[in-house]
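Enquirer: The residues making up each chain are set out below.
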Amino acid sequence: MGSIAFDVAHLLGTSMLVLSFGLLFQRRIFGVLNTFALQAGLLAAAAAWQAFVQSAPHLYITALIALLFKAIVIPVALRRIVVRLQIHRTVETVFGMGLTMIIGVGLVALSILLVLPVTYQSGAITRENLALALSVVLLGLLIMITRRNAVTQVVGFMSLENGLILAAVGVRGMPFVVEMSVAFSVMVAFIIFGVFFFHIRERFDTLDLHYLETFRGERE
Amino acid sequence: MTAVALQLLHLLLMLAVAPALTGLVRKVKALLLGRRGAPVLQPYRDIARLLRKEAIVADSASWLFRVAPYLVFTAVWLGVSLVPAFSLDLLLAPTADLIALVALLGGARFFTALAGLDVGTSFGGIGTSRELMIASLAEPAMLMVIFTVSLLVGTTALAHIAGTLLVHPVGLRVSLGLGLVAITMVAIAENARVPVDNPATHLELTMVHEAMILEYSGRHLALMEGAAMLKLLLYLSLIACMFTPWAMAPPGAGPREIGIGLVAWLGKMAAGGVLLALFETSIAKMRVFRVSEFLAAALLLGLLAVIFLYVSKGL
Amino acid sequence: MSLLLTVAAAGGLLAAGLIGLAGNRRPEVQRLVYILSIAAMGVVVWAAFSYLLWPPADADATLVLPIGLPSLQPGSPLETHFRLDALSAYFLLVLGLLGSAVGLFAIGYGRHEREPARVLTFYPVFLAGMILVLVADDAFAFLVAWEFMSLSSWFLVLAGHRAEETRRAAYVYLLMAGVGTMALLLAFGLLAGVAGDYSFAAIRAGHLANLSTALVVVLALVGAGSKAGLMPLHAWLPLAHPAAPSHVSALMSGAMTKVALYAIIRILFDLVGPIGWWVGVIVVAIGAASAFMGVLYGLFQRDLKTLLAYSTIENVGIIAVGLGLALMFRANGLAALAALALTAALLHALNHALLKGLLFCGAGAVLDATGLRDIERLGALIHRMPVTATTFLVGAAGLAALPPLNGFVSEWLTFQAILTGPQLPQWELKFGVVVVGALLALTAALAAALFVRAFGIVFLGRPRSAAAAGAVDAGPSMRAALILLAATCVLLGVMPLPAVGLIDPVSRQIIGHSLPGLGAANLLWFVPLPGSYTSYSGLVILVAVAGIAVVVMLLVHGFASNRVRRAPAWDCGFPDPRPQTQYSADSLAQPLRRVFGTSLFRARERVDMPAPGDRRAARLEVRLRDLIWECLYLPVADGLAWFTGRINVLQFLTIRRYLTMMFVALALLLTVVAITQ
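Protein chains in written order, with my numbering: chain A, 1 to 220; chain B, 221 to 535; chain C, 536 to 1212.
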């Protein structure tokens, strides 16, 4: 059982990391939302697998919460916000795509170099999981700071949370209370961001014209 | 069977199957698009027709223009004969390892690019300049995949890679998965498939590979098209050899095992063709400068694959 | 014996320089000088060969000449030491092979030299300087010969002194050569230490503190690395190498850079003693950066010779990566892998020398025939200059690392060395080797693009100017040299084992271990590391490709059709006879400029389109900035100018102020003496 357990956990964790890179790569808001939904779904699968392997039934609830809220409710809500507020559908980045990806790979290498020697005592599953989770967290931060669009910044924040939950489910015996508080904080953050959107929208309206004029060659 | 006979069979089999593979891909694409499509054996008839025609060569073309099709075709055919398909026992296999194989294909691309510039028209230049950009990113991505596989297995010789992966199954290795994704992206770019280049386009401004061979006609065009078909077969065969080496006949096997290997290989090629057709119909062609990002992603996936090998093998 | 021959050849060359100075206007004398240089190079090749194949019993013999600086001990004689060992012999072989071919080329090329005195006097001196650097056995001989080499090549660069850009190139070259020699001087000073014995034997026997070792490494890399063309001290190379006459450019790019690399190997592998793996990291990092940036710079050049100069920087970077890997492996005790990396580096040195010599000679033939170096005004030269075009194609394909040529063999070996990198124990090195591998792979692909552009724009297509349309192929001696070099490259590509066998004594001397695959070598397959089953055979690839191509051609012509009809180009039905409608060199590099140039060169394009109805022409302006020049060289130059401007005040002081300065200096010195008592 040991080897297959490790392989599947490793596979799910790495797929989440690859999807984080996918989030960096996307240029359309709907693509970003879809990728994030997929990542949250994989997080749910990873949590469910860990529940099966560790025989810890409360992790099933974690998986359910991740699936319901993060994979379904939040992406759908964000999609409706984008449509209703007529937010720009393209993602504007601070650096070019190549430089962002290079920084991303550098962050992954950094987290591996950091985690593996430090956790020498723990078991193999925990070490890999921690390294992957730290990479997802760092990439979530990178997404937040290299995107000018507020929606993608929110998605980056959510992706960071995904990484934290991945780290938490990888370790044996995470208490249920932590999961509830995490879920609540997600909801609170969502509400706050929703409030921000209404403020940003005013700014967007005055900035919109400005953006359109300085956009590369595409006049209205 | 003796080694020489096996190698000859391998050589001729590749030549025989390549047009059928292209025909299969076109047929499946047509069916998915709701058309009936040309018969699977149509590429054979196309090549035969082209071979019989007179070759028209431009006034400003040099000897390089006329020699390039033979060189390109031979290089790709030799390359595809060096990739183990149904048997691990290949006489010419020690001639070139993975890196030399990539360089051999690079040589074919070098001469195709020069042929695009030879006549002195702008369309050839478009094709060559775009091909140079695509190649400059696709080759490093391929080399990163080679790095991953060689780190795992300890060699870059294809026969030994396949043999080692057959004997010691490595399980669900994430690095191999990432490497598979990376090499698929490279294969799509190198074979001028959607989303990098549309092989069926008639709009010159969207062409990459077609633009380089725009001035070719008659038997020269037949050879260039044949080389493109062989290249598709080469990449599918390479992916099958490195990532799904099951049922390949070990060295010194009898006719029964070779037969099984043959059938398995034909099945793998057919499956690959169908998957390619599915992928091509489900995605749109990218703008030319998005291709560089696509390939940069492939390169970085390759880098990630190597880094993850360090993780799973332990530092 | 070999050593005597070598030093005698150098002496003969110095004499030839004098002959050249004396009778420079007469064509027989011009030919005589070059023939003498070919003879001297032939002697050098023979000496090096015989040393490597049949090493004499008294391998430690040194030749001591009674000239030189008086040494610190009074009463001891004046002496200069020369010694031949495997490392020197190998580089002498590289120099000799290239020098003989270039000499043959120069017989035809030098005929149109406008001021032959400048070239004929210093060309043999240049060769002699390089020979003496390679056999020098003490720091004095080394540095004097180094300066001979630098200054004579500087004079040769100034042969075209009537052009403004040549004068500027010579100025930058002189500056950087001076800085480099000073760095080497300081390095040797540190190596000799307080004892002051400058002979290499004494330096080898001595022991250096850690700080001194680090300083020596940095100084050696600055001094010799600048001469080799390693970034960021490379800026003189793309200015000076193109400005010199083409046969001199071939020697500078092919041989002088290798002599500089010899200096690096001599100091880092031999004289300094055991050093840590951090030195390897520095060398690999500089090498990888030079390779990648060098090829990118070269991709956007319009001048054929500048393009080739940047390609030299790229290849020197690749050699440096091999050397750095060898240092890292050696420091970790992995001797077999160190031998592999060193073999890869040295083989690439030989291959690059021959290939770059071939390409520069080809560029010289083009310059001679058309008077143009600007590739945007050339084109279709393959029809007018078939021999030059074919040999240039061999050179371009070689440096693009295509099998079965020699450039591929050494790049393949370098990649094999990188693939064994993860066996290093330190994980910074494990990760670093992967990144270097990716950079080298990018470099190789971009180099192929560079040479497609160079060959395609210069030789293919339609002629872009009248000069290109009216070119005539090179003269007989130039053609002979080109064919000879091309044939050697093909031969080395299909039979790399003899060359690798010649490198074996070097790796045994420097690392103490042979390349593992040499024991089980046969002429057909080349297996560098027997444990890994990886092999390559250039001969089989050449025979297979040629054989199958011929068979296919016969079959197709026999059974299908062999009719050809010439017609105007199809061009999608809208052919335009003007040659400006074909792709230009800038257009060919445009996608690559968009991908790599926007960030690394701040490439910006500006289009000025007139409104409809306005009949003036549209303008496209492409701007590329050399960031290394702007961020490193210009600030240093500006800072120096500011500083010298400030202390210029010292020129205009009154007598009282001068007296005050002297008094203050005296008081300070007396205080120092008082304190240290």
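Some hints could be false.
Residues on chain B that point at chain A, a partial pick, calculated with CB under 10 Å [claimed, not checked]:
| # | residue |
| --- | --- |
| 1 | S395 |
| 2 | L423 |
| 3 | E445 |
| 4 | F514 |
Since the hints were derived computationally from the structure, they do not count as laboratory data.
Beta carbons are placed, not taken as given, at the ideal position from N, Cα and C, and that holds for glycine.
Enquirer: Would you mind marking each hint as holding or not holding in the structure?
Expert: Against the structure, the hints come out as follows:
no., hint, result
1, S395, "holds, 9 Å"
2, L423, "violated, 22 Å"
3, E445, "violated, 34 Å"
4, F514, "holds, 9 Å"
Checked against the numbered hints listed earlier, the structure breaks hints 2, 3; every other hint is satisfied.
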